[in-house]
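Engineer: This is what each chain is made of:
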Amino acid sequence: MSNTKVIHALYNDDDILMDAVKQTRKAHYHIEEVFTPFPVHGLDKAMGLAPTRLAICAFIYGCIGISFATWMMWNIMINPTGGWPQDIGGKPSFSYLQNMPAFVPVMFEMTVFFAAHLMVITFYLRSRLWPFKEAENPDVRTTDDHFLMEVSVNNNEDELVSFFHKTGAVEVKVVEKH
Amino acid sequence: MYTFSSKLKTFSFILMLLGVLGIGYGFFSAPKTIQDVETILAADSHGHHDAKHDAHATQKHDAKAEAEHNEHLEHVLHQLQNKPWAAVYVAGLFFMLISLGVLAFYAIQQVAQAGWSPVLFRVMQGITAYLLPGSIIVFILLLLSGFHLNHLFVWMNEGVTEVGHENYDKLIAGKSGYLNFPFWIIRAAIFIAGWNLYRYLSRKNCLAQDESNDNTFYKKNFKMSAAFLVFFIVTESIMSWDWIMSVDPHWFSTLFGWYVFASFFVSGITVISMVTLYLKSKGYLEHVNTSHIHDLSKFMFGISVFWTYLWFSQFMLIWYSNIPEEVTYFITRIEHYNITFFGAVVMNFIFPFLVLINTDFKRITWIIVMAGTVILAGHYIDFFNMIMPATVGDQWFIGITEIAAILFFLGLFIFVVFTALTKAPLLPKRNPLIEESKHFHY
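Those protein sequences? They're chains S and L, same order as listed. Just so we're aligned, residue 1 is where the first sequence starts under the UniProt record's numbering, counting upward by one. Just so we're aligned, residue 1 is where the second sequence starts under the UniProt record's numbering, counting upward by one.
Check before you lean on any hint, since a few could be wrong.
To be verified - 30 Å max Cα-Cα, derived DSSO-like pairs, lysine-lysine: (1) L:298 with S:45; (2) S:22 with L:298; (3) S:166 with L:204; (4) L:204 with L:220; (5) S:45 with L:438; (6) L:298 with L:280; (7) S:45 with L:280; (8) L:204 with L:282; (9) L:7 with L:282; (10) S:26 with L:438; (11) S:22 with L:438; (12) S:22 with S:166; (13) S:5 with S:22; (14) L:438 with L:282.
Said to hold, decoys possible - Partial pick of chain S residues on the chain L-facing surface, computed with a CB cut under 8 Å: (15) 18; (16) 41; (17) 42; (18) 55; (19) 101; (20) 102.
By construction, these hints were calculated from the structure, which means they are not laboratory data. As the structure is a prediction and not an experimental result, all values here were calculated from the model. Backbone N, C-alpha and C define an ideal beta-carbon position, used for all residues, glycine too.
All chains should be modelled from the sequences, with the hints used to inform the complete structure.
Structural biologist: Below, the structure is given as structure tokens:
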């Protein structure tokens with residue numbers, strides 16, 4: 001297993017971090033990851049990350065939800081052969097279409113339910129998060145009030161250290177990454 | 001400073017001219033007597049309803065049937081005479097409410113101290129300039145209804161509150177403490193005066209802030225906008241009952257005010273977006289970027305969904321409870337207005353939902369203009385559905401008169417709005433949030 005060196009540059013302000021990220025990208029250094037205590041607006045664009053595809057997943061999950069609700073209400077309320085067709089308030093038309101407006105709230109809720117829950121699960125899977133997982137962030141201060149940028153080193157350690165000091169970092173460390 | 005291009009000015013005059021001609025034609029061609037109606041109906045039924053026609057012929061000597069037939073003819077006569085009035089009323093109300101919706105949106109931006117929107121304030125003020133002429137026209141139309149030049153509001157008919165009169169209507173009589181002409185028109189005058197007063201003072205303060213050394217005028221506008229929003233939401237609700245819901249005086253819906261509000265609010269936001277895109281295409285508004293456009297599109301999307309929520313809530317509760325005096329409202333619409341009733345849902349919900357749900361699409365000019373055109377047409381149809389069934393009944397048609405009325409008010413709207421835009425710089429330069437607004441990016 002080869003050990004690679006990375007730089008850990010720590011910042012104590014999100015605006016300084018944003019500027020530093022832009023400068024780093026401009027200087028063509030490779031940013032491995034940025035750890036922040038809260039979501040920083042626009043950081044993904046500044047880092048050059050590809051746009052999220054989670055929204056596409058959300059739309060698909062919503063479609064699954066509304067289809068599931070349609071099927072479910074058919075079987076709960078109408079289906080004459082499948083179980084117990086319901087007659088509520090003297091409206092025994094037993095026609096899906098004629099009773100459809102009453103099912104719309106259910107369809108809506110199911111759409112939201114599927115989209116929301118499946119989206120969270122997808123996000124966890126994509127981020128490789130699961131219960132009892134050990135934290136990946138290299139410095140506990142990134143859960144409090146510090147921002148950490150991790151940059152890979154290619155035999156240019158000294159150059160990078162002085163570069164990051166100039167970007168306003170409060171601390172610059174060279175770390176062996178396993 | 002913006003200059004009103006002569007091309008657009010000529011275009012607006014052509015629209016107004018076409019509108020006046022079409023509206024004039026509508027009034028001219030409306031039937032004057034029962035005999036006219038009889039020929040119209042005979043021409044209509046020729047071919048399709050031969051059986052019905054024969055039935056009429058055989059009963060000709062039956063006096064009772066004759067009386068009923070005459071009553072029906074008179075009813076149709078009133079509906080056909082209402083048609084040009086209702087066409088003008090729907091279009092006039094719709095364009096006035098667009099500028100009122102923009103005024104509410106503008107006031108919300110002021111009260112929220114929104115950082116993104118000040119670069120759009122002058123556009124919004126340009127659109128709200130139409131409020132004064134628009135509301136005066138609507139007020140005149142209300143007055144003319146009160147003077148019985150048309151039968152848009154059946155509760156104004158002679159004798160509806162008089163016991164023993166042939167027009168006596170117990171339900172309307174019970175509401176006459178509220179629904180009577182003097183009180184109704186005084187309310188209208190107060191509402192219109194209040195809205196216009198806020199629009200006038202807020203514009204004045206916004207211009208004064210440009211030349212000021214401190215933020216006094218900005219703070220004044222903040223306080224005034226908060227007061228206006230309270231006044232607005234009460235008066236808007238009452239306005240919707242008075243000017244729209246009361247054409248069906250037996251029927252009521254408790255969320256009607258919100259429903260009408262959602263309809264003209266989304267139309268107003270759409271118009272802000274479209275005017276902004278037009279000005280940008282002419283090289284103005286250099287500080288407006290795609291993020292501002294994106295935010296407006298999000299509002300178009302969000303309020304379209306909100307409108308649908310109210311549309312469906314109103315429909316489902318009444319459909320489910322199925323109480324005769326309530327459900328008749330929707331039965332009329334589904335039977336006689338099927339295409340416009342469900343068409344409005346397609347145009348105001350399904351289409352904008354599927355098109356504007358995509359993030360990238362919210363920044364593309366031609367998509368916004370296309371979706372916006374459908375939304376505006378859809379909400380015109382929404383107001384059409386609110387007014388026409390009670391005033392014109394099954395004699396409705398979106399023909400020369402209706403389209404001419406839209407063209408006339410569109411021409412007037414363009415003329416007033418773009419004239420107002422030339423009156424002040426398009427950037428409120430001393431607004432305390434203007435820097436944030438210029439650098440709004442995400």
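Engineer: Of the numbered hints stated earlier in the document, which are not met by this structure?
Structural biologist: 3 and 15
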